[in-house]
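Participant: The residues making up each chain are set out below.
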Amino acid sequence: ILNVEQSPQSLHVQEGDSTNFTCSFPSSNFYALHWYRWETAKSPEALFVMTLNGDEKKKGRISATLNTKEGYSYLYIKGSQPEDSATYLCAFMGAGGTSYGKLTFGQGTILTVHP
Amino acid sequence: NAGVTQTPKFQVLKTGQSMTLQCAQDMNHEYMSWYRQDPGMGLRLIHYSVGAGITDQGEVPNGYNVSRSTTEDFPLRLLSAAPSQTSVYFCASSTTGAVNYGYTFGSGTRLTVV
Chain A
929 ILNVEQSPQS
939 LHVQEGDSTN
949 FTCSFPSSNF
959 YALHWYRWET
969 AKSPEALFVM
979 TLNGDEKKKG
989 RISATLNTKE
999 GYSYLYIKGS
1009 QPEDSATYLC
1019 AFMGAGGTSY
1029 GKLTFGQGTI
1039 LTVHP
Chain B
170 NAGVTQTPKF
180 QVLKTGQSMT
190 LQCAQDMNHE
200 YMSWYRQDPG
210 MGLRLIHYSV
220 GAGITDQGEV
230 PNGYNVSRST
240 TEDFPLRLLS
250 AAPSQTSVYF
260 CASSTTGAVN
270 YGYTFGSGTR
280 LTVV
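The listed protein sequences derive, respectively, from chains A and B. Position 96 of the first sequence, counting from 1, maps to 1024 under my numbering, and the rest follow consecutively. Position 76 of the second sequence, counting from 1, maps to 245 under my numbering, and the rest follow consecutively.
Derived from the structure by calculation, the hints contain no laboratory data. Be aware that one or more of the hints could be misleading.
Simulated restraints, written as ranges between beta carbons of each label pair [as the list claims (entries may be wrong)]:
1. A:Gln942 with B:Ser238: 50 to 60 Å
2. A:Lys1006 with B:Phe179: 34 to 44 Å
3. B:Gly222 with A:Ser938: 40 to 50 Å
4. B:Thr174 with A:Ser1013: 37 to 47 Å
5. B:Asn231 with A:Ser946: 39 to 49 Å
6. A:Tyr1002 with B:Thr265: 24 to 34 Å
7. A:Ser946 with B:Gly220: 21 to 31 Å
8. B:Phe179 with A:Lys987: 28 to 38 Å
9. B:Thr265 with A:Glu998: 33 to 43 Å
Idealized CB from N, CA, C, for every residue including glycine.
All chains should be modelled from the sequences, with the hints used to inform the complete structure.
Facilitator: Listed below in structure tokens is the structure:
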């Protein structure tokens, strides 16, 4: 079983704060790292899919970086808003054979942004 | 586009009953997966498929069967329901270009086994 870990488990911030979370994953046999946002009573939605060491992706106030050699990715939210409150999931996809298409998720970071 | 459609949305089963959770997608996606979500456990992969006729086990396959006879459909069968299978089940699909787009998830099926 692959080990994909996220920290912290939960986070409370004030509106306007910037914040970041970490995802660690196996550094061998890497193919892609996904980030998803999961709002309460909805389904997970893809934020980023990252494949190359040193990749940086950005969507509005949210950005992510990737280090495949050491097996970690950071997700940053600049100027958090209450609508950013959600669970943020990362997921690892390995390379080769039947690993393609198989995502292993971390347990998620629950973000609450207080007005 | 309907995206990924899961039925039913809610289901209550008695221990020992069998049932099939349906999942259909209209995006011509090759990859399809089933996950279960339990409190404190995140999303755990049950079974997945990389194309019609090809399936493989995930992390928690016991008690579940799948088949993929068409690109569009990926049903999940519970053979003999147990209370431990009480969970929320999500189906997800993606193109082989998953590296670009990520997975699209269905709205989930909440299953209670009594």
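Participant: All hints are to be evaluated individually against the structure, with a verdict given for each.
Facilitator: Evaluation of the provided hints:
1. In this structure the hint that Gln942 of chain A and Ser238 of chain B lie 50 to 60 Å apart at CB holds, the actual value being about 52 Å.
2. Take Lys1006 of chain A and Phe179 of chain B: their Cβ atoms lie about 39 Å apart, and the range 34 to 44 Å holds.
3. Taken as a hint, the range 40 to 50 Å holds for the pair Gly222 of chain B and Ser938 of chain A, whose Cβ atoms sit roughly 42 Å apart.
4. A hinted range of 37 to 47 Å is violated for the C-beta pair Thr174 of chain B and Ser1013 of chain A, which are about 27 Å apart.
5. The hinted window of 39 to 49 Å between Asn231 of chain B and Ser946 of chain A holds, with their beta carbons roughly 43 Å apart.
6. Distance hint check: the CB atoms of Tyr1002 of chain A and Thr265 of chain B are about 27 Å apart, consistent with the given range 24 to 34 Å.
7. A beta carbon spacing of about 42 Å between Ser946 of chain A and Gly220 of chain B contradicts the range 21 to 31 Å that was offered as a hint.
8. Between Phe179 of chain B and Lys987 of chain A the Cβ separation comes to about 33 Å, which falls inside the hinted range of 28 to 38 Å.
9. The hinted range of 33 to 43 Å is not satisfied by Thr265 of chain B and Glu998 of chain A, whose Cβ atoms lie roughly 28 Å apart.
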